[in-house]
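Q: Each chain is listed here by its residues.
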Amino acid sequence: MHCLVVEDDPVIAAHVLDGLRGAGRSADHAATGRAALDCLARGRYDAVVLDRMLPDLGGLAVLAAMRGAGEARPPVLVLSALGSLADRIEGLEAGGDDYLAKPFAMEELLARLNAITRRRAAPGDATGLAVGRLTLDPSRHAASFDGKQALLNRKLFSLLAHMMRHADRVVTRDMLLEHVWGYAFAPTTNIVESNVSRLRTRLVELGVDPIETQRGHGYVLRSGACA
Amino acid sequence: MKARAFPLGLGRLAVQFGALFALAMLAMGLVVFLVAQQRIARRIDDALEYHSSKYLAPDHGQPASSAVIAARIAAWQAQKALSERTYILLGRDGRVLAGRLRIPLPPPGFSQVRYVSRAHVVHRGRALATRLPDGSLFVVVQHSEASESLEAILPGVVLAIFASALLAGLAATMLFARQTALRLAETQAAADAIARGDLSRRIATERLDGMFAAQAASLNRMLDRMEDMVNAQRQFSSALAHDLRTPLTRLRGLLSSAQPTGAAVNDGLIERAERECASVIAIFDALLRLAELETGRHPTAVAPLDLGTLVADVAETMEPVLADHGGALRLGPVDAAVVRADAGLVNQLLVNLLENVATHTPPGTTATLRVERAREGAVVVLADDGPGLASEDRSRVMRPFERGPESAGRRGSGLGLSIAQAIVRFHGGTLALADNAPGLEVRMTFPA
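Just so you know, the protein sequences line up as chains U and Z, in that order. When you line the first sequence up against the working numbering, it's residues 22 to 248, in that order. When you line the second sequence up against the working numbering, it's residues 3 to 450, in that order.
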């Protein structure tokens with residue numbers, strides 16, 4: 022995966038570039054909006070990490086210019102030091118594929134970048150969702166494994182469905198809060214941990230334990246464990 | 003908030019003005035009546051003087067004697083047509099010498115008299131009595147018909163004047179009130195919009211004149227100034243957010259790049275430093291959010307919202323959290339109640355409060371969520387059987403950065419309850435803390 026990092030702060034840019042390279046991705050750096058548009062005109066990128074506040078063109082102006090390029094444009098993760106809900110909505114409405122407020126953990130950025138680059142190919146809803154022998158029945162909010170069935174409440178069902186759709190990829194707590202719960206605020210308790218642990222208990226009762234905790238930041242549902 | 007229709011309810015004012023106007027008209031009517039009466043009386047007196055002098059006119063150079071006058075009266079009676087006047091001559095002993103009218107002896111000069119007509123009707127009249135040199139009294143009496151009829155129509159006229167003046171007064175005041183209200187409506191609409199957070203709104207002045215235009219213009223100047231100040235503050239917090247987040251992002255990057263090379267002893271330290279970074283930013287976010295809510299700048303998606311469904315949803319989410327903290331969460335009776343609200347904010351409100359229960363109550367505490375319908379709207383009640391709060395602490399903990407007595411050393415911004423209250427107020431509702439004996443009860447009322 023080839024990424025473009027558009028960030029004017031050299032320390033943060035270096036940190037992001039290191040992180041991407043450390044995760045096995047190649048990355049170019051542009052320090053200004055114009056430089057970013059030049060890079061996008063010359064090369065092909067799989068994803069763009071775009072800071073909202075740039076010295077020349079703002080990040081939103083770069084997004085608008087990119088939108089002119091139509092479907093061919095790479096997905097964009099907007100980075101911003103503006104953390105309010107209004108700024109987030111503005112960033113997404115301007116055409117960003119996801120929005121990440123500073124300061125962020127590198128793992129969070131990688132997970133979100135993964136999600137947006139694959140999102141376009143990802144299947145839509147949970148109808149008859151299955152990973153290996155683990156299947157979901159949306160009409161009954163039930164999970165089945167090997168003929169055994171567990172009824173889940175709506176939250177646990179959505180949580181499992183989301184993780185199954187993103188099987189074998191890291192989903193962070195913040196991503197789950199956003200996508201499963203739709204919460205735009207930071208809870209002070211471990212809402213995600215408590216619910217994931219409850220879900221794991223229910224799945225273990227079925228005889229399957231596919232959810233792995235990634236140190237510090239997120240979870241992976243291993244398709245191998247459901248095979 | 004529902005805007006009231008035109009305050010034609012200048013109400014009492016309209017009635018007061020109407021009554022005042024009617025009284026003024028009534029006084030004016032009385033003055034006109036008195037003047038008219040005076041004029042009529044004057045004319046009667048003039049006529050009496052004129053006719054009296056005709057009868058008293060000298061006869062062949064000699065002043066008219068009683069006999070001459072009696073003859074003149076007899077002549078008048080002989081040829082008399084209908085007349086409103088009559089003449090009598092009374093001797094010095096009160097005996098009638100000429101004329102048919104029977105009246106008590108009037109004093110000399112003008113006087114009011116009553117007499118009985120041939121049809122046995124009592125009439126009032128005006129008399130002019132003149133003493134003749136021989137001591138007899140010549141009296142001219144005029145039936146004051148005009149004056150009488152004027153007095154007869156008086157009550158009707160007065161009533162009509164009063165009623166029409168009252169109506170006219172009320173109508174004039176209503177019209178004035180309506181015109182005033184129309185002009186004030188612009189101001190009111192703008193003020194309401196501003197109260198809802200639309201600081202860019204101004205009062206349209208094109209259709210206003212006089213003092214209304216002047217007042218609107220000065221309000222608009224005030225709003226310009228206010229908007230400038232709010233914008234400056236907004237830019238300040240944006241800049242502050244940016245300037246604070248950027249170094250924190252760098253710090254976080256530096257910490258994590260230090261991690262691989264750092265010795266194992268540093269490991270926990272770095273993680274703790276990262277956590278502190280996160281909590282600095284969390285407090286900052288909470289403050290910004292509180293400011294957004296309180297100044298009405300929160301981007302909002304207010305729509306009909308079923309509180310029952312939302313409460314059940316939050317209960318599902320938070321039950322495992324409370325269980326992990328050694329407590330329990332039960333869902334009590336949930337009435338279906340649809341209110342106009344922002345689902346995201348109400349979620350945050352309930353999650354915040356349940357997080358408070360999870361972190362500030364000892365293990366074994368059971369919390370119950372329920373939804374009730376009340377006269378003033380829908381009430382979400384969160385009750386727990388924990389240690390509760392003393393009544394003086396209940397009002398204190400609602401203020402920013404205040405905490406309950408047991409929370410020393412616990413994490414958290416101290417803004418949770420302030421944000422909860424700001425969210426409820428944002429919806430035009432109220433948040434109240436009460437004693438659940440034992441425990442704390444939080445009642446959130448949303449207007450229907």
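You may find that some hints are simply not true.
To be verified - Using C-beta positions, here's what the derived DEER-type ranges look like:
id	chain 1	residue 1	chain 2	residue 2	range
1	U	Gly203	Z	Asp200	47 to 57 Å
2	Z	Pro449	U	Asp59	50 to 60 Å
3	Z	Glu443	U	Arg223	24 to 34 Å
Unchecked claim - To be clear about the criterion: a stretch of chain U counts as covered by chain Z if any three or more of its residues have a C-beta under 8 Å from a C-beta of chain Z, and this derived list gives those stretches:
id	region
4	156–166
5	227–233
By construction, these hints were calculated from the structure, which means they are not laboratory data. All C-beta atoms, glycine included, are put in the ideal place defined by N, C-alpha and C.
Q: Which hint numbers doesn't this structure obey?
A: 1, 4, 5
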